[in-house]
Amino acid sequence: MPDVSQMQGLTNKLAEITASVSSFLPEISLAVSIIIILIYDLITHKRQRQYLLLFALVALLLTGYLTSLQWLSASRGAEEFLFNDMLVLDKASIFAKFVFLVAGILTILMSWPDRAHKPMLSIPGEQVILLVGLVLGTFLLCMSVNLLMVYLALELISLCSYILCTMNGDKPGSEAGLKFILFGAVSSAFMLYGMSLFYGFTGSLHINDPSFVAGLETIHWLPLTVAGLLVISGFLFKIAAFPFQVWAPDVYQGSPTPIVAFFSVAPKIAGLFILIRFTNAYSFVDLATYWQEILAAVAILSMTVGNFAAIRQKNAKRMLAYSSIAHGGFLLCGLVTFTDFGLSALLFYAAIYVLMNFAAFLIVMLLEGKTHSLEMDTFKGLGLKFPVLGVLTIVAMIALTGLPPTAGFTAKFLIFSSIWAAYASSAKPILLYLLIFGLFNTVISLAYYLKIPYLLFFKESAVTMVSDRKDYLKNILLVFLIIPIILLFFKSEWLLYIINSITFVFQKVHK
Amino acid sequence: MIPIAHYLFLSAALFGIGLVIIITKKNAIVVLMGIELILNAANLNLIAFSQYDPTLIQGQSFALFVIIIAAAEAAVALAIILKVYHFYNTSVLHEVHNLGD
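If you read the protein sequences in the order shown, they are chains U and X. Quick note, the first sequence lines up with residues 1 to 511 if you use the numbering used here. Quick note, the second sequence lines up with residues 512 to 612 if you use the numbering used here.
No lab work stands behind these hints: they were computed from the structure. Bear in mind that the values here come from a model prediction, so they are computed numbers and not experimental data. Check before you lean on any hint, since a few could be wrong.
Stated by the list, open to error - Lysine-lysine pairs mimicking DSS-like chemistry, simulated, CA-CA at most 25 Å apart: (1) X:Lys537 / U:Lys171; (2) U:Lys491 / U:Lys380; (3) X:Lys536 / U:Lys171; (4) U:Lys451 / U:Lys314; (5) X:Lys537 / U:Lys380; (6) U:Lys428 / U:Lys385; (7) U:Lys370 / U:Lys491.
Said to hold, decoys possible - Some chain U residues flagged as far from chain X (calculated, every beta-carbon gap over 12 Å): (8) Leu42; (9) Tyr151; (10) Leu178; (11) Asn208; (12) Val305; (13) Leu384; (14) Ile430.
Built from N, CA and C at the ideal position, the CB exists for glycine as well.
Given the sequences, and given the hints that come with them, work out the whole structure.
Below, the structure is given as structure tokens:
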């Protein structure tokens with residue numbers, strides 16, 4: 001027989017849940033559209049599959065509208081915790097949601113079949129559903145502040161990714177899927193064990209609750225470090241940072257290109273977000289000092305391993321896989337500073353990274369469409385045949401390297417200046433090493449990013465089999481990705497104005 | 512009542528056994544079994560620790576979620592292993608290496 005106070009508590013909880021629903025509309029719209037697409041796929045003829053992509057596109061646009069309404073209400077200072085502190089809705093997470101939506105929309109447009117020819121990518125309904133599910137998972141992960149919610153969101157992303165990776169049903173896809181799921185399952189099992197230890201240390205699952213921090217303060221540093229490393233391994237897997245980067249090249253090579261472009265962006269940024277929230281829960285315990293060193297080492301190793309391995313690659317998608325590992329390292333730099341400036345630099349970098357990475361994958365897709373191969377040697381001389389595509393390739397690769405006049409330069413510049421500012425104020429040698437290795441790696445990355453433009457323009461065409469296929473949608477999309485990359489170099493204050501208004505909410509203030 | 516340390520030793524042992532299986536075994540299905548052991552070690556921890564949290568029992572509800580997700584993950588993993596078997600006629604991991612340069 002429950003007593004009165006328990007009943008009262010339950011009523012309060014139910015009231016909070018119903019009150020939270022109105023701040024949860026973007027996620028609800030995604031979930032409902034998954035169900036609608038599923039039913040539509042079941043009842044219609046298989047030939048009308050193109051409409052499924054259209055449905056998903058409309059769903060994401062509608063979600064974007066709902067998210068911008070959230071942005072407006074958050075601008076009026078309404079940051080809030082939802083569903084009994086399961087999720088936090090701060091401006092940073094809304095910004096991340098926009099990034100994920102852009103990634104999702106670009107993925108759908110990239111997998112749009114061109115009318116004149118057979119679709120390059122068969123689009124079963126499940127693929128569209130899983131993609132929307134993946135977007136939903138990233139939405140939830142960037143808002144999570146409860147370990148249970150973190151686990152559920154991370155697994156939603158993981159399970160959708162594993163299936164999407166294998167969906168094509170070909171030999172490389174199945175091998176990539178096997179490697180992906182084994183590495184992913186191991187790292188998420190580690191994370192779960194670490195989470196169970198944290199629950200034991202603190203008796204709470206809410207990472208930004210004062211009682212969680214108070215619990216951590218009483219624990220010896222050794223078990224705390226072990227448990228922290230276990231939890232972080234799950235996040236680093238999503239970021240594809242060293243030493244959890246092993247899966248990335250094979251998965252990128254074996255999966256459909258639009259899906260890979262999404263993998264390389266959205267789960268990575270979502271993983272970074274949860275890492276930021278988790279390490280900041282730690283930083284109240286005065287342990288941030290050595291976490292800074294551990295994460296700085298991870299960042300340095302990711303950059304170095306990614307860049308050195310990328311130089312040796314012959315396959316364009318594998319090259320981009322290693323490049324995305326290196327970019328994961330650069331993104332981590334912004335987090336390692338543990339300053340507001342560093343986080344702003346990270347957000348700027350993340351926004352630019354979406355544009356330039358999707359541009360790079362689109363270019364690879366277009367070149368693949370021309371030569372039917374992903375080996376970079378077959379791209380020789382194509383720049384002279386298709387000058388516009390060649391010039392756009394140069395811009396995208398320069399942006400990925402981080403040279404002016406592209407926003408890639410602005411992003412790297414902000415990251416480096418945030419490290420310098422943190423070093424100047426704290427004088428920790430590790431930050432200086434981070435800066436030196438970052439600059440050093442930018443120089444190395446020049447070697448492999450400029451390889452594609454070099455092959456396009458300065459080598460004689462070896463292969464005569466060039467299909468003269470026109471793919472208007474992808475070409476237009478590429479132009480629309482390149483324009484903001486250049487524009488945001490000259491007008492970076494437009495994006496910075498938005499980012500400077502962003503705050504992370506780390507600790508719940510009891511009113 | 513059994514002291515909590517006993518549960519922790521058991522779960523640490525399960526974690527260790529699972530880890531050794533993952534590292535040493537070559538068959539994908541056996542590796543999957545090792546992963547399940549680690550998940551169960553975590554579950555045991557969660558349930559043991561939830562005795563300190565008697566009102567909310569968050570640990571126990573967490574464990575329920577973990578069981579469900581582990582089942583889903585195993586289903587996906589076995590489906591993928593089946594697919595790999597279809598192409599490679601093996602589920603031994605080091606024989607599945609066609610990707611790469």
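* Hints not upheld, ascending by number -> As far as the earlier hints go, 2, 5, 6, 7, 9, 10 are violated by this structure, in ascending order.
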